[in-house]
Amino acid sequence: MAKILLVDDSKTSRKILRTILEENGHEIIGEAVNGEEGVEKFKELKPDLTTMDITMPIMDGLEALKHIIEYDKKAKVVMVTAAGQKSKMVDAIKFGASEFISKPFETPQIIDIIKKML
Amino acid sequence: MFGLYLGNYLVEKGRISQAQFNDLMLQQKKTRVKLGLIAVKQKLLTLQQAEEINDIQKKTDKRFGDIAIEKKYLLVDQVTHLLDMQGNPYLQFVQVMTENNILSMEEIKVVVEEYRVDNHLTSSDISALKSGDIDRIIPVFVNLDVPITGECISLMLRNVVRFISSSIELKKAYIVREYSFGSLASQQMFGDHKLFVGLASKGNELLTVANAYATENYTEMNEDSFDSVCEFINCINGLYASSLSQVNIHIDMAPPYFCTDKTITAKGDICVVPVLINGEQVDLLVSVNSHVSIN
Chain P
0 MAKILLVDDS
10 KTSRKILRTI
20 LEENGHEIIG
30 EAVNGEEGVE
40 KFKELKPDLT
50 TMDITMPIMD
60 GLEALKHIIE
70 YDKKAKVVMV
80 TAAGQKSKMV
90 DAIKFGASEF
100 ISKPFETPQI
110 IDIIKKML
Chain L
0 MFGLYLGNYL
10 VEKGRISQAQ
20 FNDLMLQQKK
30 TRVKLGLIAV
40 KQKLLTLQQA
50 EEINDIQKKT
60 DKRFGDIAIE
70 KKYLLVDQVT
80 HLLDMQGNPY
90 LQFVQVMTEN
100 NILSMEEIKV
110 VVEEYRVDNH
120 LTSSDISALK
130 SGDIDRIIPV
140 FVNLDVPITG
150 ECISLMLRNV
160 VRFISSSIEL
170 KKAYIVREYS
180 FGSLASQQMF
190 GDHKLFVGLA
200 SKGNELLTVA
210 NAYATENYTE
220 MNEDSFDSVC
230 EFINCINGLY
240 ASSLSQVNIH
250 IDMAPPYFCT
260 DKTITAKGDI
270 CVVPVLINGE
280 QVDLLVSVNS
290 HVSIN
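In order, the protein sequence lines correspond to chains P and L. Take the first sequence: its position 66, counted from the start at 1, is 65 in numbering that gives the first Met the number 0, and no numbers get skipped. Take the second sequence: its position 115, counted from the start at 1, is 114 in numbering that gives the first Met the number 0, and no numbers get skipped.
Everything labelled a hint here was simulated from the structure, so no lab data went into it. On a predicted model such as this, the values are computed, not experimentally measured, just so you know. Don't take every hint at face value.
Said to hold, decoys possible - Here are the computed lysine to aspartate or glutamate pairs in the EDC-like style, where the Cα-Cα straight-line distance is at most 16 Å:
| id | chain 1 | residue 1 | chain 2 | residue 2 |
| --- | --- | --- | --- | --- |
| 1 | P | Lys10 | L | Glu215 |
| 2 | L | Lys33 | L | Asp83 |
| 3 | P | Lys14 | L | Glu69 |
| 4 | P | Lys115 | P | Asp47 |
| 5 | L | Lys57 | P | Glu105 |
| 6 | L | Lys58 | L | Glu69 |
| 7 | P | Lys10 | L | Asp223 |
| 8 | P | Lys10 | P | Glu36 |
Unchecked claim - Just so you have them, the derived chain L footprint on chain P, three or more residues with Cβ under 8 Å:
| id | region |
| --- | --- |
| 9 | 1-12 |
| 10 | 54-66 |
| 11 | 102-115 |
For each residue, glycine too, the CB sits at the ideal point set by N, CA and C.
When you get a sec, could you build the whole thing from the sequences and use the hints?
In structure tokens, the structure reads:
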């Protein structure tokens with residue numbers, strides 16, 4: 000079981016992810032609605048794993064990922080992307096993203112990825 | 000799906016009541032079984048294979064049968080056989096109408112012809128509607144020859160059927176430069192092309208999309224219900240961006256945007272596709288390579 004922080008501006012997306020993760024025994028210890036809040040909550044909650052949406056207002060997921068990796072090089076951050084964001088996925092790898100989850104969400108893929116990372 | 004068009008036409012003409020129509024649709028729905036379930040029952044697929052295809056379907060905008068053939072789980076003939084077993088939804092609707100003594104086969108033929116004439120459709124359009132195949136139905140109502148716009152509309156409508164409701168009825172698409180709405184969820188995309196994609200309604204009709212996608216029971220268009228519609232648009236636009244990238248066209252998605260009681264103004268065309276989803280009218284709006292402002 001992992002303590003997970005969800006960063007996504009979409010409440011629907013957070014709800015779907017929370018349901019999938021909780022049903023598979025993980026604990027959601029916090030949620031953030033943009034990258035800036037995500038970085039703050041990461042520092043405050045020190046999660047085992049963070050899911051990070053890419054397209055968000057105020058501070059996007061790539062910028063937030065950079066801040067988190069600067070703060071903690073070992074941070075495990077899974078980027079959440081809509082299909083078709085290949086160039087951003089490449090950037091995310093450069094900035095230290097551990098893995099990717101793509102939308103629309105697929106439960107087995109998410110669970111496999113989380114298991115692999117823990 | 001044609002049962003829906005015909006049923007609504009009969010309600011409009013006062014030949015059947017709305018309650019009768021709703022009951023007919025319910026009866027028809029009960030008779031239709033998913034292709035994957037039939038394949039598993041026929042032992043042509045394992046449950047795991049069917050689930051795998053369902054998962055792929057969510058990502059790739061392909062039909063169940065086509066994926067099964069690609070994966071070499073089924074042969075073309077087997078898919079045809081399964082589709083035959085599943086039955087044509089229009090024929091199921093006709094069956095339910097006649098069994099309930101609402102109209103005879105002969106009377107249905109007459110009504111179909113009246114519907115065709117009233118809606119300025121050709122016989123081949125009627126065949127497309129009767130087929131129940133969304134890919135054949137869309138061109139009856141939307142001009143798909145316009146590059147980008149046509150593909151984008153087609154993809155969005157196929158996914159409305161997949162994720163929101165299989166009970167959709169399309170109306171003839173039209174072009175405007177200005178469009179006023181009560182509720183709008185939208186997203187702009189930039190890069191090799193500039194796209195504006197929105198779902199709009201006069202009042203709270205967008206709830207039908209919001210509730211289906213988030214599996215919620217929202218009763219008004221608020222931040223949460225708009226979020227659900229925006230997330231649906233975001234996912235489908237992602238699939239579209241992904242398919243464009245395969246032909247070396249790159250577009251990037253801006254965060255989705257929602258608002259109420261405003262007017263969209265475009266320097267170019269906005270294609271409006273009216274879609275009745277579970278009886279509620281939602282308009283799909285697509286504008287390509289045009290400056291769009293909302294005020």
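Verification of the supplied hints:
With a CA separation close to 12 Å, the supplied pair Lys10 of chain P and Glu215 of chain L stays within the 16 Å bound. Among the hinted pairs, Lys33 of chain L with Asp83 of chain L is consistent with the structure: their alpha-carbon atoms are about 12 Å apart, no more than 16 Å. In summary, the hint linking Lys14 of chain P to Glu69 of chain L is not supported, as the alpha carbons are separated by about 33 Å, beyond the 16 Å threshold. Pair hint Lys115 of chain P plus Asp47 of chain P holds up; C-alpha atoms about 13 Å apart against a cutoff of 16 Å.
In summary, the hint linking Lys57 of chain L to Glu105 of chain P is supported, as the alpha carbons are separated by about 8 Å, within the 16 Å threshold. Distance hint between Lys58 of chain L and Glu69 of chain L is fulfilled; the C-alpha atoms sit about 15 Å from each other, no more than 16 Å. For a cut-off of 16 Å, the pair hint linking Lys10 of chain P to Asp223 of chain L stands: about 7 Å separates their Cα positions. As the CA atoms of Lys10 of chain P and Glu36 of chain P are separated by approximately 15 Å, the hinted pair is consistent with the 16 Å bound.
With 5 residues having a beta carbon nearer than 8 Å to a beta carbon of chain L, the region 1-12 of chain P meets the requirement of three or more and the stated coverage holds. Three residues within the 8 Å Cβ limit are the bar, and the region 54-66 of chain P against chain L gives 3, so the coverage statement holds. Counting residues of the region 102-115 of chain P whose beta carbon lies closer than 8 Å to any beta carbon of chain L gives 5, which meets the minimum of three for the stated coverage.
When held up to the earlier numbered hints, the structure conflicts with hint 3 and nothing else.
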